[in-house]
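Asks: Using the sequences and the hints, build the whole thing.
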Amino acid sequence: MSTKLSTEVSLPRRKGLKIKHLAQQAEAVNTPLPTVQVAVHTPSHSGVGDLLDYTCERPLAPGALVRVPLGAREVLGVVWDGHSAPPPEGRTLRPVAGVLEGIAPLDA
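Letter 40 of the sequence shown, counting from 1, is numbered 40 in the numbering used here, and no numbers are missing.
Since the hints were derived computationally from the structure, they do not count as laboratory data. Every residue gets a Cβ at the ideal spot worked out from N, C-alpha and C, and that includes glycine. Careful: at least some of the hints might be erroneous.
Ranges of calculated distance between the beta carbons of each label pair, as one might list FRET restraints [as the list claims (entries may be wrong)]: (1) L106 / V48: 17 to 25 Å; (2) G102 / H45: 19 to 27 Å; (3) P43 / A104: 26 to 34 Å; (4) D107 / L51: 16 to 24 Å; (5) H41 / E89: 15 to 23 Å; (6) S44 / G102: 18 to 26 Å; (7) G47 / A104: 30 to 38 Å; (8) E101 / S44: 29 to 37 Å; (9) G47 / I103: 25 to 33 Å; (10) E89 / G63: 14 to 22 Å; (11) G90 / G63: 27 to 35 Å; (12) T92 / G49: 17 to 25 Å; (13) T42 / P86: 17 to 25 Å.
Replies: This is the structure:
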């Protein structure tokens, strides 16, 4: 019996909204990927900051809506800064899971 696990997130669907999956493409590349800071909602008691670093195969504009892994789930986030410093040696960052295309980046 085969069990298929899904990493999809239930997001409201709008006509013309596409989510481009980036995680599989990012794993295939051996060169260091650019990093982005993403603002996500985290519980205050968790001790995790609101800005988290992720890798992405291409530069993303600040305000872009993205799906990112957070623990065992994926959450919606907003690219806060177009780039961030590379991770310390020996530390790996998780890749952005997807970009919500068809929506212009949010303004400040």
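Asks: Enumerate the violated hints, using their earlier numbering and listing them in ascending order.
Replies: 2, 5, 6 and 10
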